[in-house]
Every structure is written in structure tokens, then in C-alpha cells.
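A.B. asks: Here is what each chain is made of, one letter per residue.
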Amino acid sequence: MQRREFIKKTGKAVALAAAAGGAGLLLHNRDAGALLSAHSGDRYTPVFVPSSSFEVPPDPTLPKVTLCHEADAVKALNYSLDAIGGIKRFVKSGEKVTVKPNIGWDRAPEQAANTNPLLVAEMVRLCLEAGASEVIVTDISCNEPRRCFLRSGIRNAAESAGARVLLPREEDYFSTDINGELLTVWPVLKYFLKTDRLINMPIVKHHSMSACTIGMKNLYGILGGRRNQLHQRIDQSIVDLAAFCRPTLTVVDATRVLLRNGPTGGSLDDVAIENTVLCATDQVAADSRAVEFLGLTGERVGHIVLAEKSGLGSIDYRAAGYREVTV
Amino acid sequence: MTIKTVRNLRRVSQILFFAVFFWLILKTTFEVNFNPTDPTEIMLPYPVSIALEFDPLVAIATVLSSGTLYKGLLWSLVILIPTIFIGRFFCGWVCPLGSLNHWVSEIPSERLNHRGAGKIRSNHYKKYQRIKYYILLVFLGAALLGTLQIGLLDPLALLARSIGTVVLPVTHTALAGLVDWFKGLGYPPLGKLAQGVYDIIAPLLLTYRQSFFHTILTIGTLFLFILILNRIFTRFWCRGICPLGALLGIFSRFSLFGLQKDEQSCTHCGLCGLNCQGGDDPEIGRKWRQAECHLCLNCQAACPEGSLKFKFFPQQIVTPANPAGTPEINISRRKATMSVAAGLALFPLLRSGDAFEVNANPLLIRPPGSLAEPSFAAKCIRCGQCMRVCPNNALHPTLLEAGLEGMWSPYLIARIGYCEPTCTLCGQVCPTGAIMELSLKEKVGDKDTPPNRIGTAFIDRGRCLPWAMATPCIVCEEWCPTSPKAVYLKDEIAYDSKGNEVPVKRPYVDPYLCTGCGACEFACPISDRAAIYVTSAGETRSVDNQFLLERNRKKSPVRDRQA
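Protein chains in written order, with this note's numbering: chain W, 1013 to 1339; chain P, 56 to 618.
Calculated directly from the structure, the hints in this document are not laboratory data.
Only pairs whose alpha carbons sit at most 20 angstroms apart, straight line, appear in this in silico EDC-like list of lysine to aspartate or glutamate:
id	chain 1	residue 1	chain 2	residue 2
1	P	Lys182	P	Glu383
2	P	Lys238	W	Glu1183
3	P	Lys502	W	Glu1122
4	P	Lys545	P	Glu556
5	P	Lys247	W	Asp1184
6	P	Lys238	P	Asp254
7	P	Lys560	W	Asp1247
8	P	Lys496	W	Glu1122
9	P	Lys247	W	Glu1183
Isolated chain P, as found in the complex (with noise of 0.2 angstroms):
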């Protein structure tokens, strides 16, 4: 096989994993063409976060912060073993973010990319390339204490929550957007071929229902940057910040497979590092940098002579002109310990805030399942897959209501959408167990086991239509899934402006019924904040944010095998 096939196959492999990558978050969605085998039960028919399981960095960290390592988290050996004999292949051959910045990167541009010496230029090893090594410590470091913050800048989670909570979402608005445009140019056969064709690319790439999402701009602007920053330095992330990336270079010091160099036949033509892609200097007279190669093989490739091989036990030829191959990590010790120590230091930073910001936060409702808010936090990456699955669109991630600590994690907005009683989607799709999988038995209970609640509901009496507007409704009531219901009515009398009697039935809520689903919240016709809200109080995942002292002594199952 010659190298320009391998490099091909580079490329088919790129493509390859990206498309599955891109496959597994579009699966990632209820769908109704399929047989539950049992329909009380809907479960995915895919893996769907199968990706994320792969990923070396979120299983580090979260044993890390939590202790174990959760379910197909176990797959991740599947690429750190590899990496310890060959490098790391990962991020030239499988990441998803990184073919993406290995393509944006790869896109000609007179005005911003360098291009030729210059070029050649900013493909040597550059001094900012350490810093992602010293942001996986600070990460690994707040882990080591119990605060997960490696989804910020964990490529797959990263990937992930951007294309499930902006990019599928904006193409949706867009699509729909443009065949309402051409609905509207006043010709009506444009208008039908414009239908026809978003009829057939939607069902392959949107979903059922637009979804949309808060703090969509923050997630946005941040994936556009990194793929911006690409047309400066190529594959700027991948050199300089990605932690995943640190990790495997930090793990690929140990590889059998590596660069030789020959130093009689090159020619100093400068080609090999042109194509570079990792920034690991690969010409004849630098230090090949093993922890920074993406093993994309465009060295070569394209080395006409035939000077740079890529081989098992290369041979280390070092000569004073040619300090070859080390597969030394160019970080001082004494940043590496200061960045643990950042890290450390970061844990009570972000949990010493007063409590009331988040444990406290009624706004804050948890998915169905979730853990403890300590735990929560040990473990969540914030992949958004638990806000793409959601059929009701209810989840979304949080800008600063889980505080600084929780950023873009999940939290229920019951005006947007309600939590299905029966549906435990979200449970299934999480790759770390931040947010437990239910059975129907333990979301819904039954008569010796109590519901998973996600809070309570309250009546805004100043606002609902009986009790302040002597108007009748009883749409809460209506909605209201537990059985007995939990919003129950009392017939009474209001009087109106004129003091007419208004035979009204007026809700209440009855706090040992109410799982905090939010269906009440999302029914009522007051439709900017409604009359009737459900805040976290009473969630099974909190001992403390309890109000009823029966409830206390109750015991929930879930509850149970978090402890």
C-alpha cells in the first residue's frame, strides 16, 4: 500500500466517522416508525450516545469525579489503548470536531490563511500549543475534587451540544424559512417544488417538531469561533486547546510507532511541513513532536524524496543538525503543578457561592432521574443529549441557573414543554448517568413505589382565572397526569367586577400527588407566565429541598441507589 492510499484511506476514515458522529445525534430523537416490542416501554432502538462512550477524556474525568465508570463508558479503551502503542491516531483519523477543523482549515484563503513560507511558518511547533495540556490539568485537577467541567471543551461533548442544540435547530428555521419565502414570491409552482423538496429532507434531517433553545447564542458563537480561529492557525483547537487532544498526546509518549527520518535524501523542499497538520514539526533539522502528530500522514505523503517514514520502532538518528523524534511534552513541571492546583482551587470557587444560587434555585428542575446536584455535577458533560431527545423540547441548557459550575447543563422549562409522564428518553441517551435510566415503574410509581418527582406546582392565585378573575377554567386540572389527579377543583363563588356570582371551580394542588412534570405549567392559557408553576421543590434527587415532612420519611428507590 503506498502512502498516498493510506492517506486516502485517512480521509474515507475521516468522513466516515464523522457521518456516523453526525448519524448517532440525528437518531438521537424519538421516532415513530418503530414497534416497541412492549409499548408501556418506549425505548430508543439505537446506541444513540454510543459516540460519547468512546471517549477517553469523559471516562478519565468522570471516575475521576465520581468514582466509577459508568456503563459503555468502558469502550473508551477501545481508543486509549491504541493511542498508547501508535500516538494519536484519534485526531487525525476519528475525531469529529477535528476533521472539521482539518477541513475548514484546508479551505484556500488568499486573505486570511498563510500560505507557502509563511505558511510553513505557522505550522512550526508553537509555544501556545502547551496550553492545552495545562487546561486537561486544570480540568483533571477540579475533577479530582468533583467538579466535572471537561464537557466545556471535550471535542465529542462539545460537538455534540453544538450540531443537537444549534446546528439542527437553525437549519430547521432556516429550511422551513426559505420554503415560506419561496411559498411567498407570489408563483405558486416555486412554492410546491420548494415543499416538495423540504418534505423530502425532512424527515432524513429534522425533527418531528422545530425545536428551539435557550442560550443557543453562547453555544453558537463559540462553535463558530473555533472554526473561524482555523482560517488563522490550522486546526488552531486541536493544537492549542482541545483537552482530549492533551490527554492522548500525553499517552502517545509511550508509542512504538513514530517518524524516521532520513537526513541524507531530503532535500529541505519544506513540503512535509506545509501539509502539517498537527503542528509537530516534521522536517529534517526540528524536533518531530510525537505528542503533537495527529498521524495524518500529509508529511509523507507529500515528501517527495521519500525522506519521512512513518514506522514501527523508528530509528532515532540524532545528529547535531537533526535533533530527531522525542516524544517529550513540552510543559514545565512547575505550570503542570500550578494548573492541578488552579484546578483544585477551582472546586470550592465554584461551590462556595452561596448555596441558595443553585441548590436552592427554583428554576433549576432537574430531567426525571438526575442525580443529587453534587453528583449531578460529578458527572454531567453537557453533550446536549438529553435536550435533543426530549419530545416536548422541555430541556435546555442553562446559561448560569445552575450557576457557573452547571453552564449548559440540562434544566426544564415547563413553558416550553412539559415532562411526559411515561417518557424516561432523556435517562437512556445520557452517556455518564448523570441523569439515571428509569424504568416506566420507577418515573410513573406505583402503589409501593413513589413517582420520580422533578418538583411541585404552585398556584399563582393573583393570576388564575377562577381565583382572581372570576373567569372559569380548569385546564391545569385537565392536563394533570398523576392519577388522582394532583390539581383537584372546589366549586365556589367568585364575583365579578359588577358583583355578579360566578359559580367557579378553583384548583389546588395537592403536594403528595404532584410529580412537578410542568404539564400544568405548559397547559395554562395565560400564556406568558402562567398561573400555575412548578419550582424544584418536593425533586426526589434532593433530601434537602423537601417540604413535607412525611416526605422525608418515605423511601425512594432512586434515591436509594444514588446513596
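So here's chain W without its partners, still in its complex pose (with noise of 0.2 angstroms):
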């Protein structure tokens, strides 16, 4: 051998081995702990928002609970809204809104699994009447949500009557810090927290462990991830939410209600066609008066009565400002 090439496959031996030396010193990392908690894989953009209200101030000349009972679903709701101060109080003009049915399930309109699709095309378009800038439909649905959207009948209400109705998609998600006892830090769907209003409109129904999925359990929609765990408190997992995520306005949907087989029902022999519409600013005490439609009152309803214990609102919706309009 060469002293020259001697010199040159030695040469190149140890700078590969230098390079290799060198690599994995910096790559090596002592923590472990560190390493481990960069590869955890959290698939959501790590944002943390402070606080999601999205309340109007109080006026004490206002009821915080109105209710119209009418067979015409979008008189309903117009009459029980203006009751409550009208769409001008809520929605300003230039104010994007998202509107929150529950379009959990994939069922269609007459099953009362989700929210009336009349209700909610009404709804925006009111918010866009009010000036809104940009009104957004959407919800995380428990089934294949294309499928819910669809049966639900609400994103073909919701877009005809000018709402970008829209699925969530993976990437849709922010990481959140709840701030709660039993809810930390969760995936939140961005359109619940990059939005200058939020209007919640559930449906009443049945549920066998909270005993009914009104307005502080619909905000289980806003949610990603593991959601599946709530159920093992979900009293204190729904006020969590609820002192987390403070709507506008709650509007719930009692012309239909499921008494018996929730949240999915399915059947027409479940379905009491109630023709109600309640607006409201305290979503305690509409909850606590939605309820009665299921046969119960707010003191029987655990999430409820600790919603109230927690400050968020009162059971006793006479106390609080309530009051029934007609037509």
C-alpha cells in the first residue's frame, strides 16, 4: 500500500468515526424524561387560551330565562328572543358568531336526537340580520359526523340560510387549558374559542347518567379527544365545562323532546312534540326549566344543583328573572 493512499482510507476512517462519535453525543440526551414527554405525541397545536366567555353584561330589566310555547318553531324562537332583549343585544355588527346545535347523533329531524334545524337556520339568519360578519355552524358529532350533518337536516338549514357549516377536521384542534377540577387541559375545536360569540342551541333529551343532555351537557360538543372518559364524574366534567365555556346566549330546542332512550333515541315512540323554544343568559336556569319537559326539576339533577353550588347560575329560574310569552 501507498503511503498516500495509507494516509487517505485512514483519513476518511476517522472522520467518519468522528462524525459519528460527534452525532450521537449530540443527539444523546441524558433527561429522559424530557425525550420522552417531546415523543408523547400530542397530535393538537399546544395553544392555551385564558378564558373563552363569551357573555353579554347583565341587564336586571331583562328575565334571564324566557320561554314561547308555539307550533311555529321559528315564532318560537322569535318571540322568546326578543323576550330576552332581541338578536341586537347578543350580536353586534362585525361580531363573528358560532352556532352550537347538537348534531351528535345520525339521526333526522323528527327523532329529536339533534337540535331543529329550523331553529337553527333562524338563528343565522338572524345573527346575519343583526350584522354579524360571519356565522359558523358546527359541532363535534359522536357518530361519522359528514353522515350527522347530513340526516340531521341542519347543515343543509344552516347554509342555505348563509352559515359556513363545518366539519371538524384534525387539525381544527387547540389544545386547551380547561382549568377545572376535573377537566385540564383538553382538545377544543378552534371555532369555539376564535370567536367573538357563542350561541348554544341544544336539544332536551334523556340521558342515563346525567339524567338529561340540555345546555351545560351539549358543551361536551366542544370538546376533542377522550371524551369517552367523562362519564366517570360527569357531574363536576359538565360544570367544568360549563365554568369554562360561557355562551352568549343558550337557546333550547323543546319542540321536540326525547324522554326515554338518549342521547340517541331513534324512535318516534320516545319523541314528545312539546313545540317550546327558551332562550336564556344563565344556562343553570335553563337547564333547571328545560328539565321539567323530562318529568324532573333542577334539584334532582346532580350536574345541575352542583353548577349552581359552583356559582354558575341558579336552579330557582323563577328567582333568577323567567317569563312565558305567547303569541
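Two chains, each in its own frame: build the complex with the hints.
C.D. replies: In C-alpha cells, the structure reads:
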């Protein structure tokens, strides 16, 4: 072997060895814990949102819960909304509004598992009329979302009323600090955070664990991730969520009420026609009133009681300010 | 029209048919952007499985195995009848897998591909080209007794399966990963740009939700292998393996259209052999093999002297130096007979495993509307359309869950996705009727009609939170879509480790109501092996797999229909 060749070969080998050693030292991480957390696989964009209150200032001259009983759902909504101050109280010109109906299940409107599409469409129309720059309608469904949005009739109704109906996508979640006793950091769909006004539009339904799915329980629909674990302490999780997410307005759809086999329903035998729409600025009072359609009172529902104890609102909706309006 | 124009027409035709095939697979998905006239029945707006219905091999094999020509399979005559008159035009002009093989074969490579004289030699007819006929005969023999295996190697089923369960999901993962990588570079504008490009591509190419499929590796490896073989032998698949090509080859022996050779003007330059796709020996001095020719017309286009011409009723001038045009298929009668016999033998071989293997496999939950297992095995071509269209990614290709006989046929893995109660898309796209098209009423049932059942849920009390761990949970009941709910709750007292009473609601399953959709198993918070799980027990399609005495008396319209 020639000297030149010997030096060349040795040089190459040494350089490669040095590179390997250097790379090893550079990449070696003594703090295995940090490495672990770096690879714990949080697939949501880690954005922490401190507060998400979309409330309007209270007005002592107005009731906190209004109710209208009327066969025409659109009229019922308009009357009860006017009684609580009208749309202009909640939506100002140029504001971005998110409407959150219950679009949980692959069910048709008459099965009363999802919010009445007529009400959603009317709400969208009202918001746009009040000058909203954009109205988004979305929810995190349990069943296949495309089918839920389609079969519930909400996608068509809301879109023809002028809303942007958005299906949640994997990349649309923010990792959010709910700051609750049970709920800490959870993925939340960004449209429920990056908005000026949030209008919660639940339907009144039976639920075997929480007794009812109305306003506060409907807020489950803003959460992604492993929601199915929350039933282990359902009342606290609902209250944590209600404390974190304070909608501008809660519009309760009691046009059709699912009395049994909730929250999925399926049979028309379980549906009662009530022809009623409620509007509320106090979500606890709204739930307390609406749960009466299921033959219950607020005092008998764990999460409603706990919510009042936590200072989120009042079970005694009459004392809080309640008005029934007639057409 | 000059021959160069005709050849360009062929190129356009190949691109067009490949694009249509690919587009149909893309459209084999539940899209949001259409308005059903009746929102209770969600129907696909396009006849997405139509490409497979044009497949004569699928038609003939399913007729042999099941005795009927299902729905759109009559379309296959549109391919078969012209083939009788003009030859294997399908392989050279239409077949999307053929085109893919064509294109991959054409990529020049110094190292792998033969060039010049070497390529001419490799383009000569080879003995291995007979293999496809034997494969075809084995499969047809097996079909004769009722097991359909052509789907494994039928080019359209194979390509649909490979694109639907491998190529598109892999593309999805890759693109999403690429976007993440750009976002992770620490230079936000690049991440935004990548996301922007992704947002444009995604609605065109990707499903709403990333889907993942079991056994993707076996399907993907085979597909890759088929493509890579082209680098060693031009269109090896088409020449040597493809059973559809073999079938069309057999029919092409009656062809009125063929190659006319003019020995006088030929200078033996070899260009025709250099460009031959089928390995059918167009050269003067060799015996042209009609059954191997794909009608790509490369030889005619390449010939500088115009010695080769495709025409109707070609003159067959046979001289000792030029044993011209013979429509013969170069297989021996003895081997052909043996192949059919082997196919016939395949049937008992596949079916004589212990009946437990397939018939009582609790994992083998077939899609709703599926035929009983023997009829299913006689019809499923494993094209993967049902898996692709399932909005919940619930259907997956089996590996051995359905025995060797049913490899890559669909089964439901409820942990990954459940069967959406009102969804009937898999039956809508099945080209052969292995999964029958159900109406909404037949799927969910009503007062007079029992629902279609794919299995029954069972509770694993050793894993269930209220049963085993004194922890409240009602998720399975909440998700249960039947009405009234098949999962019902009873208020009971559990005791925790300290002996405290914990009020829990314990779930039970009512087998009379359960349809086996798997929503409970899907939603169970025990995230590895669910505490409630579905097995095939009680599935509508099987008379034998019933465990309720009552169930045997009840009439099922679906079972009646298939009887």
C-alpha cells in the first residue's frame, strides 16, 4: 500500500468515526424524561386559551330565561328571543358568531336526537341580520360527522340560511387549559374559541348518566379527545366545562323532546312534541327549566345542583327572572 | 389516419381509462357535498363500481361460482364481444393495470432493463407466458365448484384494492406528515404554505378522515412487486400472470383483425421486436401470436418499411422462412386439463379445514347485507370497494380470519370503526353482490322487519368499569343506536377497594335487540381490548350462527332473498 493511499483511507475512516461519535454525543439526551415528553405525541396544536367567556353584560330589567310555546318553531324562537332583549343585544355588527347546535347522532330531525334544523337556520338568519360578519355552525359529532350533519338536516338548513357549516378536522383543535377540577388540558375545536359570540343551541334529551342532555351537557360537543372517559365523573366534568365555556346565549330546543333512550333515541315513540323554545343568559336556569319537560326538576339533577353550588347560575329560574311569552 | 396517430390515440385512451378508473376509486367514498333527495336514504351519487362491472373475468367467474350474472356485470360484454372480433385491445388500450405496467416498463434504466439486442431477445415470446392460462384455468376450475379466487389476481380487482387500501391511505399519511415536517422547521411561512397546498390537494385526493387498513403490507408488497417486475421483464404481469389477459387471449383466437406481414420489404432491422409490449413476436421470420398481442400497434408504428400492418382479414402468407400469423394458444391440452383439475381440487382443500376456522370465527364480522359464508366466498372479488367507502373505516381486508380462501375479503374491526346504523354504502358499491344492497328499512328494521344483524355484543365483566372496578361508566349504553337500546343498565352497588359502597349502573346486553353494529365496542373507554365487544354470533346471514332459539323461527327478508 502506498503511503498516500494509506493516509487517505485512514483519514476517511477517522472522519467518519468522528462524525458518528459527534452525532451520538450531540443527540444523546441524558434527561430521558424530557425526551419522553417531546415524543408523547400531542397531535393538537398546543395553544392555551385563558378564558372563553362570550357573555354579554347582565341587564337587570330583562328576564334571564324566556319561554315561548308555539307550534311554529321559528315564531317561538323569535318571541322568546325578543323577550330576552332581541338579537341585537347579543350580536353586534361585524362580530363573528359560532352557533353550536347538537349534531351528535346520525338521526333524522323527527327523532329528536339533534337540534331542530329550522331553529338553527332561523338563528343563523337572525345573526346575519344583526350584522354578524360570519356565522359558523359546527359541532363535534359522536357518529360519523358527515352523516350526522347531513341527516340531521342542519347542514342544508344552516347553509341555505347563509352560515358556514364546518366539519371538524384533525388539525382544527387547540390544546386548551379548561382549568377545571376534573378537566385540565383538553383539545377544543378552534371555532369555539376563536369567535366573538357563541350561541349554544341544545335539544332537550334524556341521558342515563347525567339524567338530561340540555345546555351545559351540550358543551361536551366543543371537546375532542377521549370524551368517553368523562362519564366516570360526569357531573363534575359538565360543571368544569360550563365554568370554562360561557355562551352568549343558550337557545333550548324543546320543540321535540326525547323522553327515553337518550341521547341517541331513534324511535318516534320516545319523542314528545312540546312546541317550545327557550332563550337564556343563565345556562343553569335554562337547564333547570327545560329539564321539567323530562318530568324532573333542577334539584334532582346532579350537574345542575353542582353548577349552582359552583356559582354558575341559579336553579330557581323564577327567582333569577323568568318570563313566558305567548304569541 | 397514419399509424402514428393511431398509436397516439392509444396513448390517450390509456391515460383516459386510467384516469377514469382512478377517479371512480376516489369517488368511492361518502362525500358531504351532495343533496340526497330523501335524507333518510343516503345514496352514492355515482355508479362508482362500474369499472369492475366491465370485467369479463369477474362476470364469467361469478357466473361459474354463483350461477348468476349480478346487476351491472352484463356490461362486461362490452369488453368481451369486441375482443372476439379484434383481439386483446383491452390489455393495450383500456386496462389501467396494463397501462401502469406499460408505463413502468417504459422507464429507461441502464441497469435493469434490457437494451438493444438484449431487449429484442427479451421481447420474444417466452414459455413463461403460458403460466397465465394455467392460472386462469385453475381459478375457473375452483369457481366451478363455488370458490371465487380470481379476485386475487384479476387486474381490476387487484388495482382497485391496491389503490383503495394502500396507495391512497399511504399518500394521505405521507402528505400530512410532510405538512407537519414543514411546520416543524421553525419557519412559519413555510408551514403555512405547505398547509395551503395541502388544503388544495386534500379535497381532491384524500378522504375526509385518514383511513388505515389491516394487512396493508401484504397488499402493498404484492402491488409493488408487480410493478417492479416490469423493470426486469417488459409487462411481466400482462404477459405471464394476468388471468384476465389469458381469458381475453382465448377469446381473441377468433379474431378477424390481425397482423399482416410483408416478407419482401422487411429489412430485419428488429425495431418491431424492440417495441413489442406483448411478447407476441411480430418479427418476420417468427410466428406471430395473436393471443399474446395487446394491439398496442408499436410494431406497426416502429416499422420503417411498412412491412407490418394490422388489418381485418389479414393475408396469411406462410413461407418456410416466415411461419406467419397463428391464432394458437401455446398450452398443452394435458396441462390445461391438469390445471382445471387442480382448481377443482382447490375447492375441497380450501373448504375442508375445520369448520370452526371460518364459520365460527368470532372475529369474522362481515359487512351488513353480506351473504352466508359459502355464497360470500363464491362472490367476493376482494376489490376493497366496501372498505374504501365505509365512512367509519370499519371494514378491513382479512389476512387469515376468513381462512386462506377469503384472504383480503372484508371484515369489521369495531375497535377501529363501527357499522353506522343507517349506512348502506358497502352494499351499494359491491360489484358482485357478495354484500347485498339493503334498503334503510332492511338495515335498521321496523315493526314487521327484523334489522340486519352482523353480530352480537358481549360484556367482559372482568374489564368493564362498573362491573370490575367500581367506577361509573355508561358509554356503551349511551352509544347504543337501537331503539329501545340493546345495552341496558341496572342500578347496582359496587364496592371499592376500601369497602365503600359505590352506586353504579351496570350494563347488560339484550340479544334480541342487538344488531352487532359495534358502536359500544368502538366507544368503550378501555382503549385496548374493549370491555364490551362484538362477535359474529347471531349474524343474520348465517342460519347456523344463531344462539337464540327464538331467532331461528323469525323470518329474515335478507336470508329469504339469498335462499
